[in-house]
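Asks: Make the full structure from the sequences, and use the hints.
Line order of the protein sequences matches chains Y and E. Going by the numbering used here, the first sequence opens with residue 1, and the numbers climb by one from there. Going by the numbering used here, the second sequence opens with residue 1, and the numbers climb by one from there.
Errors might be hidden in some of the hints.
Here are some chain Y residues pointing at chain E (derived, C-beta under 7 Å) [stated by the list, open to error]:
#1 Gly21
#2 Gln22
#3 Asp44
#4 Gly67
#5 Ala72
#6 Gly93
#7 Met95
Keep in mind the hints are simulated off the structure, nothing from the lab. All of these numbers come straight from a predicted model, not from anything done at the bench. Built from N, CA and C at the ideal position, the CB exists for glycine as well.
Letter by letter, the chains look like this.
2 protein chains.
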Amino acid sequence: MSDAIPPADKGPLYFDDLHVGQRFVGRKHQIDADQIKAFARQFDPQPFHLDEEGGRQSMFGGLVASGWHTGAISMRLMVEAVPIAGGLIGASGEMRWTKPVRPGDTLHVESEIVEIRPSRSRPDRGRVTVRTETRNQAGEIVQILSAQLVVPRRPA
Amino acid sequence: MSDAIPPADKGPLYFDDLHVGQRFVGRKHQIDADQIKAFARQFDPQPFHLDEEGGRQSMFGGLVASGWHTGAISMRLMVEAVPIAGGLIGASGEMRWTKPVRPGDTLHVESEIVEIRPSRSRPDRGRVTVRTETRNQAGEIVQILSAQLVVPRRPA
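Replies: Below, the structure is given as structure tokens:
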């Protein structure tokens, strides 16, 4: 994954600029076997993430990416696509992995704001729930992430 | 993080071997600024994860690890500490980040089985919910992960 960070096409967006139904679509990222194995060696050293033979002998029938790898790639694509003021700062998240990610898959994220709540205790910020689908080149959803973000209000 | 994988002290454990309340404690891992920045450049390039100055200007007041980095390290420690047959295969997960992780913090995981359900459709497996607290050197919880795992029954 390249270290180059393309500029967000607009932003930064404050709490006041967001509304339910607002959508953001990220760029594409192709994952390959080397990326899958390198991530696995460092963070998820299980046979079906480490090499093809381990994958063939597993319930996946082949090499698959760690769910944490899919999550981390999705975060990268979200950081580039969702220009929230102050950054994407998550308080919590729910993930579902709906389909394996395999070498050669091309992933992208589609994020949508599904809930907005002002903070009762902190008038300078609010909570925003963003639902992000990570999809492959066939349009199939491989991961659904629902994240609660802390978002600042526009300074007076 | 070293690539060496210490052997699990027992296992593999099948669905039939697990019970609610069963606990697993992992080894310690110290995180440093280089690890935090390297992960951020690849997966979460936000100023408060990339360098000290970006951290000082943020709500965190200093460099902090990406939540996905804390999650990935926790996964590594869980893979080593929780010897489930067939591997740790998550269908879904809920995460809460309760405290920032900073350079020099030493993390470990404490996992507990909190729910066990046989599969209705697949008699050869079940669903097991594992709650994992990631704690720092002061014993403070920095992340809580509740993961639903697919676990095979012991072959007849």
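Asks: Decide, hint by hint, whether the structure agrees.
Replies: Status of each hint after checking the structure:
Interface restraint check: Gly21/Y against chain E, minimum CB-CB distance 24 Å, threshold 7 Å, status violated. Among the interface hints, the one on Gln22/Y is violated; its C-beta lies about 20 Å from the nearest C-beta in chain E, farther than the 7 Å criterion. A cut of 7 Å between beta carbons decides the hint on Asp44/Y: the least distance to chain E is about 5 Å, and the hint holds. For Gly67/Y, the shortest C-beta to C-beta distance to chain E is roughly 6 Å, which falls under 7 Å, so the interface hint holds.
For Ala72/Y, the suggested interface contact is upheld, since its CB lies about 4 Å from the closest CB of chain E, less than 7 Å. Restraint check, Gly93/Y versus chain E: the minimum CB separation of about 5 Å is within 7 Å; hint holds. Given the 7 Å rule on beta carbons, the hint for Met95/Y holds: about 5 Å separates it from the nearest Cβ of chain E.
Hint compliance for this structure: hints 1 and 2 are broken, all remaining hints hold.
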